[in-house]
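A.B. asks: As you go down the protein sequences, you meet chains A, B and C in turn. As numbered in the numbering used here, the first sequence has no gaps in its residue numbers, which increase by one up to the final residue, 453. As numbered in the numbering used here, the second sequence has no gaps in its residue numbers, which increase by one up to the final residue, 928. As numbered in the numbering used here, the third sequence has no gaps in its residue numbers, which increase by one up to the final residue, 467.
By construction, these hints were calculated from the structure, which means they are not laboratory data. There's no promise every hint is true.
[Stated by the list, open to error] Calculated lysine to aspartate or glutamate pairs in the EDC-like style (CA-CA distance at most 16 Å, straight line): (1) A:176 - A:201; (2) A:378 - A:201; (3) A:445 - B:782; (4) A:337 - B:681.
Everything numeric in this text was worked out from a predicted model, so none of it was measured.
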Amino acid sequence: MKRLALNLLIGFVVVMISLSLMAPVSSAKLPYGLKEGMPYKGTKLTFLVHNAAQSQAQAKRVNQFTKMTGIEVEFLMVPYPSLREKITADAVAGTGTIDLYCFLDGWGPSMTGFLVPLNDYLKRDGVDLSAKLPPAYIKGGTYDGTTYGIPTRGHPQLLLYRKDLFKKAGVEVPKTWKELIAAGKAIKSKTDRDGIAMYYGKGNAAQNLFLWYSFLKSGGEDIFNDKMMPTFNSSAGIQATQYYVDLLLKYQVASPGSKFFKEYEASQAVAQDKAAMVIVWWWHYGVLTNPDKAQEVVTTNVGFAPVPAWEGKGKATLALSMPVGISKASKKKEAAWEFMKWLTNPDLEKENFLDKSDPKTRTIVVVQKKNLIDPEINKVSGGMHKAAAASLAVSDTFPMLPEWPEVASSIEVAISNIAGGADTKTEMDKAAKEVKAIMKRSGY
Amino acid sequence: MNSREKYVKWVMLAPALLILIGTTLYPFLYSFITSFRFWRLTRSAEPGAFVGLANYVRAFGDAGFWNSVWVTVLFTIISVTLSMAIGLAIALILERATKLNTFMKSLLIFPFAMAPALKGFSWRFMLNPDYGILDAMIDFVFPFWSDVVWLGEPYWAVFWLAMTEIWGWAPYIALVFIGALGALPQETVNAAKVDGANTFQVFWHVTLPQLMPIVIMVGLLKTIFSVKMFDQVVTLTGGGPGRATETLNFYVYNQGFKFYDMGYASSLAYILVTTMFIFAFIYVRFLMKGEQN
Amino acid sequence: MAGIKMVDVKKQYPNGFVAIENMNLEIPDKEFVVLVGPSGCAKSTALKMIAGLEEISSGEMYIGDRLVNKVPPKDREIAMVFQSYALYPHMTIYDNIAFGLKMRKTPKEEIDKLVKEASEILGMSDLLDRKPRQLSGGQRQRVALGRAIVRHPQVFLFDEPLSNLDAKLRVKMRTELKKLHERLHTTVVYVTHDQVEAMTMGSTIVVLKLGAIQQVGSPLSLYSFPSNRFVAGFIGSPSMNFLDCTIAEENGNLFVDTGAFRLMLPEDKAAKVRDHGGKEFIFGIRPEDIRKRREKKESYSEEHINAKINVIEPLGKEMYVNLSAGNLEFMAIINARFPLKPHEEVELTLNMDRMHLFEKEGEKEAVAHTAKNATTLEGARLMADLDESDDD
Ligand SMILES: Nc1ncnc2c1ncn2[C@@H]1O[C@H](COP(=O)(O)OP(=O)(O)OP(=O)(O)O)[C@@H](O)[C@H]1O
Ligand SMILES: [Mg+2]
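Next up, chain A with everything else stripped away, as it sits in the complex:
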């Protein structure tokens, strides 16, 4: 009896193995929850995305997806500054030429009219985003409880600094704003470099609010209250704002150019060996270690640390992500969803990150929780991803509002004016008044 059972088992196993040998492809289960049997074979998708290294790397490997599903994908890459305009134009035209958009998290709420809610898809395929992504990245693709996008690219903020200059000035890496000012002063007097490169300039993407938001939130204030009325001009808000610009105006540890710098110029100030610190999106680490973009003394000495906070108060940094969503006008939504499942899989992200064959791909990042703590990835990045994971745990996004671009523009102007010497309270009150009008107009 026992023997029979064993024989049967062996026989079963043999049959199973031989069966699997006979038809190895058809029976292997497709990964990432992709649908079996190539139901959308021959479908052609168009994916509108900015021309980042990340997108290029994805495009390079998209034939893996095509092999598994028979779906072809064209990456329509545009420069980042014209991405929003392109999405808008396509969405308003409503012809369904483009099936998927990659967008900035802050744009999402104003674009919900163009995007397909993904909740049903997620539920159907049993995808649990909170297991995959840090909360700020999930929030970046969500508006009013509905998911509209899943990011493949996202950034926490890190303090990037020059280890050698810190050593020379005899200071430690700052954990608080106060320490940062002290370190900046020491560096300025001992190394003839500016302490930190800030970016108070008015740009086109509210960049001067990135760090302001950290100051504001870790100072215990927020932009809006529950009723979506502005609170950033409260006394705490004004104090935080003042402190933020005082790095330049009062303590003078910031580069003079900070007054009009945008983020990239601040990063360049460090790259060109003019300043010792900068707080930026983490991908700038890839820039500051790139010998083509930064001076050698910088590339060999740049280090990273979490963003400082107020003493005795909470930590808070900003995170930013670029979700991918499906166009409402698309006629191939199911195929597009298949593509999204593949695009947001952790293996692709890891493979892209670890492929250093092209020096231009230094700015590729990972967003998946699994990858952020992956030993192999952290080995390559010198532990930066672990630091980022810590930072992302306390990160938040900008308010997810359709009116956000307009609101941001008002505050952005105020910050720029304050950095130029205008009175903080006056400017913040003025901005708050404008924001109130914007929100009122929208029916809040």
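With the hints as your guide, set chains B and C with the ligands onto chain A.
C.D. replies: Below, chains B and C with the ligands without anything else, positioned relative to chain A:
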């Protein structure tokens, strides 16, 4: 021409006419209608209800709008006068056909050929206080200005914004003027010299008046281009510091493509277009006519 | 007031073209000098150099005693009428004329007076408010003249100032210009390609050809004693007849042999070419020195030939007759009272005292006819009058 030929003519022209109507007239009318509607893309990709003149009324109470009008006027005055004056000066210097001048003339086309967005980028780079070459040069020549962060000061930012425009246009205008000067009769210049005019008087009393039709024409075109200028605001100043360089066109763009308020943006665009039209009309009517008599 | 002196002046244009090789010319103060020559012979170039509008490539230019090579036009105290008028198109006629005065800071009332005066002379007082493009070519030319004559310069430069006027107006303007010259007593350099104008206006005529001076002299001396074939052909209308010939000797007499006929040289001329027997020459005689043969003997050395009439151009008092002898063609001016008809044979008298012989090579005058005792201009003119008087 018999009626059949006439008919054939229209059939042949039809595709071109349709394209013309489709590409110019349709958007023109469409945005005109939009300017009377509520249409926020944040709510819907479809245009909403008609709201009468509400969008236009809003413009007149909008401080941001009036600021952009002022910035545009300031920018236009600076960029038009300086690009014309510098263009004319270059033209007068390079007018004589020497080998060096021919070479210099061929260089003139480069700034104009540069994409406007790139102009903004490169000037922003050159004005960077940390490593900008232009900033370094100014600091060297005018040490008392070494602390000025050029793009951080409202009026300087407008000035440099105008400079990017002038840098691109003055050489081109110079080429136009060189052509025009070459076509002027040398004889009148000679006559004035013999009549006792010095170099400046010759220019002022003889050359310039004869050049005036071209100057007026170029002035009109340049004004239109200046009012429409957009790319450099984005790439040079982002409209900053504060709202110091937010031109009208930039403001309209933001309302439409950033804040997604298509109705309001359309009404602002129409205010811009109407103002330009009235300006051009008066200009052509009076200045150009004046030239003809 | 000042004379003009050019010493070894050369003009090479920037494109390398040498317009004037080496010009030496002295124009005395208060003289009315006419530069004449065919189109393209650098008349305008010479004027522009005097005005300072064209740089001198080498040599020296003096106005008065002053070396003006480097003096700009405005400091040369000249007034110029341009061949192309060069009116300021954007100014009224009044302003065009007044411009030079304004530049010289003349008081307003005086400008007004001068402009009115000039426009009076030019007969265009009612055109002062117009712009140049509202004028006819001739009217524009008068404005150009007006612009020059309101001024009181050291030197007037006129570049074909009457070329666009009708015959009547031109004659009137010539007189006006002469009067102006007499009134102002200013040096005038007057360019024309019209030799009749040159003859009637200039006290001295400078004949130019391809940028080189051919001859300088009074109208009559150029007419009577051209120093080469070019001047001989250029001055006088219709122009001198030129016939290829050789010199033949017979019985101690020298003859001009054209192939078609032989003409005996008068004693004084024969003496000059006696050594040139057999050499090739060009025989020149003006149409007005060929007449229909008359019964009575002429007062000069005459020779006779027969010729056939080809064409007759009646001009009233006289007629231009185109004739041929053998295979030679030439022109004669014959008194209209003779009833000549085409294709007739006619017997002609040639005034051998007024004939010319030019060397075939170089075309220099070999035997200028001696002006008897007339060495001065007045004398020559008198002689011409005498010649004229026994015409009929
Ligand atoms: N700027 C110039 N560059 C080169 N060659 C020139 C220039 N101006 C004139 N010439 C040449 O110089 C020669 C003399 O010209 P100029 O105008 O003096 O002649 P002109 O005697 O006044 O003729 P016209 O009777 O036709 O006015 C001509 O062969 C002409 O082609
Ligand atoms: Mg001439």
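A.B. asks: Run every hint past the structure and note whether it holds.
C.D. replies: Hint-by-hint comparison with the structure:
1. A:176 - A:201: Roughly 14 Å separates the two Cα atoms, so the pair holds.
2. A:378 - A:201: Violated, because 40 Å separates the two Cα atoms, which is more than 16 Å.
3. A:445 - B:782: violated (37 Å)
4. A:337 - B:681: holds (13 Å)
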